[in-house]
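Enquirer: What follows is the residue order along each chain.
Protein chains: 2
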Amino acid sequence: MERFKQLTDRIAAFASASTLFSWDMLTAAPKGSRATMAKLESFFGTETFMLCISDEMKQCLDELEPIIDGQDMVTKGLYKVCKKEYDNFHKIPIQEQEKYNQLVAKAYIAWEAAKKNNDFAAFADMLDEIIRYNIKFIGYRGYKEHPYNTLLDDYEPGMTVKQLDAFFGRVKETIVPLLKKITDGKKAVDTSFRKRHVSIEKQKRISRLLMDVLGYDLDRGMLAESEHPFTQSFGRNVVRITTHYHEDDFFSSIFSVLHETGHALYEQNTMEDIGETLLDTGTSMGIHESQSRFYENVIGRSYAFWEYIYKDLMEILGDDFKDVTVRHFYEAANEVKPSLIRIEADELTYSLHIMVRYEIEKQLVEGKYDIKDLPALWNEKIREYLGIIPDTDTAGVLQDVHWSGGSFGYFPSYSLGNAYAAQLLAYLGKEMDIEGLIREGKIGTITKWLRDHIHQYGRLKEPSELIRAIAGEELNVDYYVEYLNKKFTDVYGL
Amino acid sequence: MERFKQLTDRIAAFASASTLFSWDMLTAAPKGSRATMAKLESFFGTETFMLCISDEMKQCLDELEPIIDGQDMVTKGLYKVCKKEYDNFHKIPIQEQEKYNQLVAKAYIAWEAAKKNNDFAAFADMLDEIIRYNIKFIGYRGYKEHPYNTLLDDYEPGMTVKQLDAFFGRVKETIVPLLKKITDGKKAVDTSFRKRHVSIEKQKRISRLLMDVLGYDLDRGMLAESEHPFTQSFGRNVVRITTHYHEDDFFSSIFSVLHETGHALYEQNTMEDIGETLLDTGTSMGIHESQSRFYENVIGRSYAFWEYIYKDLMEILGDDFKDVTVRHFYEAANEVKPSLIRIEADELTYSLHIMVRYEIEKQLVEGKYDIKDLPALWNEKIREYLGIIPDTDTAGVLQDVHWSGGSFGYFPSYSLGNAYAAQLLAYLGKEMDIEGLIREGKIGTITKWLRDHIHQYGRLKEPSELIRAIAGEELNVDYYVEYLNKKFTDVYGL
Numbered sequence: 001m002e003r004f005k006q007l008t009d010r011i012a013a014f015a016s017a018s019t020l021f022s023w024d025m026l027t028a029a030p031k032g033s034r035a036t037m038a039k040l041e042s043f044f045g046t047e048t049f050m051l052c053i054s055d056e057m058k059q060c061l062d063e064l065e066p067i068i069d070g071q072d073m074v075t076k077g078l079y080k081v082c083k084k085e086y087d088n089f090h091k092i093p094i095q096e097q098e099k100y101n102q103l104v105a106k107a108y109i110a111w112e113a114a115k116k117n118n119d120f121a122a123f124a125d126m127l128d129e130i131i132r133y134n135i136k137f138i139g140y141r142g143y144k145e146h147p148y149n150t151l152l153d154d155y156e157p158g159m160t161v162k163q164l165d166a167f168f169g170r171v172k173e174t175i176v177p178l179l180k181k182i183t184d185g186k187k188a189v190d191t192s193f194r195k196r197h198v199s200i201e202k203q204k205r206i207s208r209l210l211m212d213v214l215g216y217d218l219d220r221g222m223l224a225e226s227e228h229p230f231t232q233s234f235g236r237n238v239v240r241i242t243t244h245y246h247e248d249d250f251f252s253s254i255f256s257v258l259h260e261t262g263h264a265l266y267e268q269n270t271m272e273d274i275g276e277t278l279l280d281t282g283t284s285m286g287i288h289e290s291q292s293r294f295y296e297n298v299i300g301r302s303y304a305f306w307e308y309i310y311k312d313l314m315e316i317l318g319d320d321f322k323d324v325t326v327r328h329f330y331e332a333a334n335e336v337k338p339s340l341i342r343i344e345a346d347e348l349t350y351s352l353h354i355m356v357r358y359e360i361e362k363q364l365v366e367g368k369y370d371i372k373d374l375p376a377l378w379n380e381k382i383r384e385y386l387g388i389i390p391d392t393d394t395a396g397v398l399q400d401v402h403w404s405g406g407s408f409g410y411f412p413s414y415s416l417g418n419a420y421a422a423q424l425l426a427y428l429g430k431e432m433d434i435e436g437l438i439r440e441g442k443i444g445t446i447t448k449w450l451r452d453h454i455h456q457y458g459r460l461k462e463p464s465e466l467i468r469a470i471a472g473e474e475l476n477v478d479y480y481v482e483y484l485n486k487k488f489t490d491v492y493g494l
Numbered sequence: 001m002e003r004f005k006q007l008t009d010r011i012a013a014f015a016s017a018s019t020l021f022s023w024d025m026l027t028a029a030p031k032g033s034r035a036t037m038a039k040l041e042s043f044f045g046t047e048t049f050m051l052c053i054s055d056e057m058k059q060c061l062d063e064l065e066p067i068i069d070g071q072d073m074v075t076k077g078l079y080k081v082c083k084k085e086y087d088n089f090h091k092i093p094i095q096e097q098e099k100y101n102q103l104v105a106k107a108y109i110a111w112e113a114a115k116k117n118n119d120f121a122a123f124a125d126m127l128d129e130i131i132r133y134n135i136k137f138i139g140y141r142g143y144k145e146h147p148y149n150t151l152l153d154d155y156e157p158g159m160t161v162k163q164l165d166a167f168f169g170r171v172k173e174t175i176v177p178l179l180k181k182i183t184d185g186k187k188a189v190d191t192s193f194r195k196r197h198v199s200i201e202k203q204k205r206i207s208r209l210l211m212d213v214l215g216y217d218l219d220r221g222m223l224a225e226s227e228h229p230f231t232q233s234f235g236r237n238v239v240r241i242t243t244h245y246h247e248d249d250f251f252s253s254i255f256s257v258l259h260e261t262g263h264a265l266y267e268q269n270t271m272e273d274i275g276e277t278l279l280d281t282g283t284s285m286g287i288h289e290s291q292s293r294f295y296e297n298v299i300g301r302s303y304a305f306w307e308y309i310y311k312d313l314m315e316i317l318g319d320d321f322k323d324v325t326v327r328h329f330y331e332a333a334n335e336v337k338p339s340l341i342r343i344e345a346d347e348l349t350y351s352l353h354i355m356v357r358y359e360i361e362k363q364l365v366e367g368k369y370d371i372k373d374l375p376a377l378w379n380e381k382i383r384e385y386l387g388i389i390p391d392t393d394t395a396g397v398l399q400d401v402h403w404s405g406g407s408f409g410y411f412p413s414y415s416l417g418n419a420y421a422a423q424l425l426a427y428l429g430k431e432m433d434i435e436g437l438i439r440e441g442k443i444g445t446i447t448k449w450l451r452d453h454i455h456q457y458g459r460l461k462e463p464s465e466l467i468r469a470i471a472g473e474e475l476n477v478d479y480y481v482e483y484l485n486k487k488f489t490d491v492y493g494l
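For the protein sequence lines, the chains are S and G, in the order given.
Counting with the working numbering, you get residues 1 to 494 for the letters of the first sequence.
Counting with the working numbering, you get residues 1 to 494 for the letters of the second sequence.
These aren't lab readings, by the way, just hints derived from the structure by calculation.
Since the model is a prediction, treat every value here as computed from it, not as a measurement.
Check before you lean on any hint, since a few could be wrong.
Copies of the same chain look alike in the list, so a pair counts if it fits in one copy or across any two.
[Stated by the list, open to error] Under the rule of at most 30 Å between Cα atoms (straight-line distance), these lysine-lysine pairs were calculated in the DSSO-like manner: (1) K368 with K91; (2) K5 with K31; (3) K372 with K80; (4) K180 with K322; (5) K204 with K136; (6) K31 with K448; (7) K58 with K372; (8) K39 with K5; (9) K99 with K430; (10) K116 with K368; (11) K39 with K311; (12) K31 with K99; (13) K204 with K80; (14) K195 with K368; (15) K381 with K172; (16) K80 with K461; (17) K31 with K442; (18) K80 with K337; (19) K180 with K487; (20) K39 with K195; (21) K5 with K91; (22) K204 with K31; (23) K39 with K461; (24) K39 with K76; (25) K5 with K106; (26) K80 with K162; (27) K180 with K195.
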């Protein structure tokens, strides 16, 4: 028992080191220091992984197995998490894993260049090799029903192709026509004020305002700047976020800060019993994304939220914005505009971007593809669901970093997050007047509910356990569809 | 060979992790995150230490021993460093080492409180215990001639009580009377302008000016802020410094930046062959301090230096300082004023503070002490050498953190650094017109010499090897005494 505890503490410490080197590289290190940081991040990442599949881990797990039921909650949780990790990855021959790691390290650089030069062909062979490795690894690991399920489970425990087919089926049949109704309609949202110059100093004050309103504990947190916004945590006491300021697009940082603060609140609100253990983080990518989306979209894009922050916000923005009303902010925050780029997509079209990736990934993992056809396949799906066509692969199949890193099965988490958020909203709404609370700035009351039902458990409970405990049912896409229908009917006066 | 290389890379990576957690804790982490950072710093510090004395290390060293002469320079260097570390510390029983580590962790907190409350008695027992542990550990480790030599060797390889007794003997017989001559003299230096308000924004620009003039490569470096200034490095590509800004004392940060930049140049200028290995750092505390003192004192407190930066500096300082001449700056930078606090001491009296500590430490390590007499012993020595008497133990025996951490034998490095710097200056002066170079801002020429003779070697050469190669003799205190005599005769017109 003691050895198992020490081993998991060791894994957590190694993972923290990897995280801190990454944090430093992305937020602070000047160019000449970055290669060293990247090397050390990777060193500790590998060390972490190797401990998870080590013989020592196997011994601990074997010895614990017959007595695990009598253990305390934290030990049981650690056992479950470590056992799953071990079972998942120890079957992959270590030499192949190492070759694969080297491949994805090179692939990132190749992808960056290919994206820059709009040259898919220069990346195609490497991508093909990555996909083939993934298919092979699924072979070692085994799967139930569909090979893609094994990958889905890495990011969203228990999620299956069957569930996602049904999920995206509903998305397709409801959002695609709703989008068409909006784009065919006459109403246009005025977003021109978003381009007005707002100094970085003012934007920093806005960030502070938003973090305070949402209740992010800066005594255990931090806001830094990086090229792309992200959240990093190594346990409840060190939870940090970043943003990126654009002087001619102040909305960009506003929604980044709201989004990342959502992630951060989840990480800060775990219960102390699991503090700084391997359980002290979100349970899945999907649930994590549900929290970021809840604060960014459900709260941050609501009319009530803009009502609440309007006065403080205008004090920072000053006279340049005196013609902008709460309604303007609200509508601009909810503009629907089909775009080619996922990370710029609005709340309505976001899942359509994910659907494209989901359908393609499923096909890739089945081995039913010819790599050179990928750009055309991508463009055709974008056309079908969003009604626009990428004019370059840079704005098409090459836009996301994920595949270069071998992250297949990750994308659906984004949509699941949105759907979980809508489902949570529905149940939360039965217990309190959410709109009223937001309007009065009482977001802490909402956070308390989320903390009690989700945050506190960290990785102690799986996604479906959390949702079932709240809703008495599994993930239900109906709430998501209803939520989108209601919001955009309002914004666009349909 | 491959195993030894991997092991030393691993030790270097663990040490880097410890360093980065410490850096983050001291420069960035908010209060609520610091305990986590401290825990992780200590975790990786212990891991590093344990690897250095591991059975695997012993095996590697044993296997290398018969063949080491035929190896390349880097392998030989690593072997030497690791062998010394192993031989030094593996004899201490691990349980005692652990108890000692716990003691010093507690002692830091006790010392902080005792210093704050001017309550030596509250810290005395713990300090006594730390000293007794050190005596015991010297017993395990063995010593030549004097037990204190074992501790000196940890910070300054090869340094002995015999050498230091002679060294401080000269310091005592020359500096004490010189100081008396100055304090008895009529000339007072006008330093009142140092208290004028200089905004932190302006001071940041001054920092940048100084770092540029000295040639600190900010593409592999960084300046941050912390309570106490320090330099941290994990290899030539990641070398960072800190300062602390006081709006009513802008000289404070100026000399901190010059000092830390001196350390940083040493770390940045190691040869690429040893980059990111265990050899990629300074060879000893004394040599390190000689570099920081060279840039801070020899360069930074010279008349020529203030001549060179005067115009740029005045542009930043603005009209508030238009009455301050180069001579004012120079004299104020070299004011002699006996003070109770070591870290506030001027260049002349600094070594007197160190002498007090050296004499006391020697006595402690010999076991010839009664802990409760320590404050009186301290005060008596300060009175004798500096002519002033501490009115509290806070400003006396409790002022330094070192003893609470068990760092005995460290203090002499500071004085050795000053002495090495003066000796280097003498030999460097035979090859180039140092004053002329400084006056023209050609500090890079000086740095190149220091790089060629010292920096590049990292830990490949021991202090005495470096000095002998330059001077054809060992450390010679005469240069230091002459240097001080010359400078203060000039400043005080003696």
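Enquirer: Taking the hints in turn, state whether each one holds.
Expert: Verification of the supplied hints:
1. Within a single copy, K368 and K91 get their C-alpha atoms as close as 25 Å, which meets the 30 Å cut-off; across copies the closest is 63 Å, which misses it.
2. Taking the shortest alpha-carbon separations for K5 and K31, only the inter-copy value of 27 Å comes in at or below 30 Å, while the best intra-copy value is 38 Å.
3. Taking identical chains as interchangeable, the C-alpha atoms of K372 and K80 are never at most 30 Å apart, the minima being 41 Å within one chain and 56 Å between chains.
4. With identical chains, the CA atoms of K180 and K322 are never at most 30 Å apart, being 34 Å at best within one copy and 70 Å at best between copies.
5. In this homomeric assembly, K204 and K136 never come within 30 Å of each other (Cα to Cα): the closest approach is 47 Å inside a single copy and 55 Å across copies.
6. Within a single copy, K31 and K448 get their C-alpha atoms only as close as 42 Å, which misses the 30 Å cut-off; across copies the closest is 23 Å, which meets it.
7. Taking identical chains as interchangeable, the C-alpha atoms of K58 and K372 are never at most 30 Å apart, the minima being 42 Å within one chain and 55 Å between chains.
8. Both within a single protomer and between protomers do K39 and K5 lie at most 30 Å apart by alpha-carbon distance, with minima of 28 Å and 16 Å respectively.
9. When the C-alpha separation of K99 and K430 is checked against a cutoff of 30 Å, the pair qualifies neither within a copy, at 52 Å, nor between copies, at 56 Å.
10. Taking the closest pair of Cα atoms, K116 and K368 come within 30 Å of each other only inside a single copy of the chain (28 Å); across copies the shortest separation is 72 Å, beyond that limit.
11. Taking the closest pair of Cα atoms, K39 and K311 never come within 30 Å of each other, the shortest separation being 47 Å inside a single copy and 43 Å across copies.
12. Only within a single protomer do K31 and K99 lie at most 30 Å apart by alpha-carbon distance; the minimum there is 27 Å, versus 42 Å between protomers.
13. Within a single copy, K204 and K80 get their C-alpha atoms no closer than 42 Å, and across copies no closer than 51 Å, so neither meets the 30 Å cut-off.
14. For the homomeric pair K195 and K368, neither the shortest alpha-carbon distance inside one copy (45 Å) nor that between copies (75 Å) is at most 30 Å.
15. With identical chains, the CA atoms of K381 and K172 are at most 30 Å apart within one copy only, with a shortest distance of 12 Å there and 85 Å across copies.
16. Within a single copy, K80 and K461 get their C-alpha atoms as close as 10 Å, which meets the 30 Å cut-off; across copies the closest is 52 Å, which misses it.
17. For a Cα distance limit of 30 Å, the shortest separation of K31 from K442 across copies, 26 Å, qualifies, whereas the shortest one inside one copy, 43 Å, does not.
18. For the homomeric pair K80 and K337, neither the shortest alpha-carbon distance inside one copy (44 Å) nor that between copies (66 Å) is at most 30 Å.
19. Taking identical chains as interchangeable, the C-alpha atoms of K180 and K487 lie at most 30 Å apart only when both belong to the same chain, with a minimum of 16 Å there against 83 Å between chains.
20. Taking identical chains as interchangeable, the C-alpha atoms of K39 and K195 are never at most 30 Å apart, the minima being 39 Å within one chain and 46 Å between chains.
21. In the homo-oligomer, the alpha carbons of K5 and K91 lie at most 30 Å apart both inside one protomer (24 Å) and across protomers (29 Å), since each shortest distance falls under that limit.
22. Taking the shortest Cα distances, K204 and K31 sit within 30 Å of each other both inside one copy (24 Å) and across copies (21 Å).
23. In this homomeric assembly, K39 and K461 come within 30 Å of each other (Cα to Cα) only across copies, at 27 Å, whereas the closest approach inside a single copy is 34 Å.
24. Taking identical chains as interchangeable, the C-alpha atoms of K39 and K76 lie at most 30 Å apart only when they sit on different chains, with a minimum of 25 Å there against 34 Å within one chain.
25. Taking identical chains as interchangeable, the C-alpha atoms of K5 and K106 lie at most 30 Å apart only when they sit on different chains, with a minimum of 24 Å there against 36 Å within one chain.
26. When the C-alpha separation of K80 and K162 is checked against a cutoff of 30 Å, the pair qualifies only within one copy, where the shortest distance is 25 Å, while the shortest distance between copies is 62 Å.
27. In this assembly of identical chains, the alpha carbons of K180 and K195 lie at most 30 Å apart only when taken from the same copy (26 Å versus 69 Å across copies).
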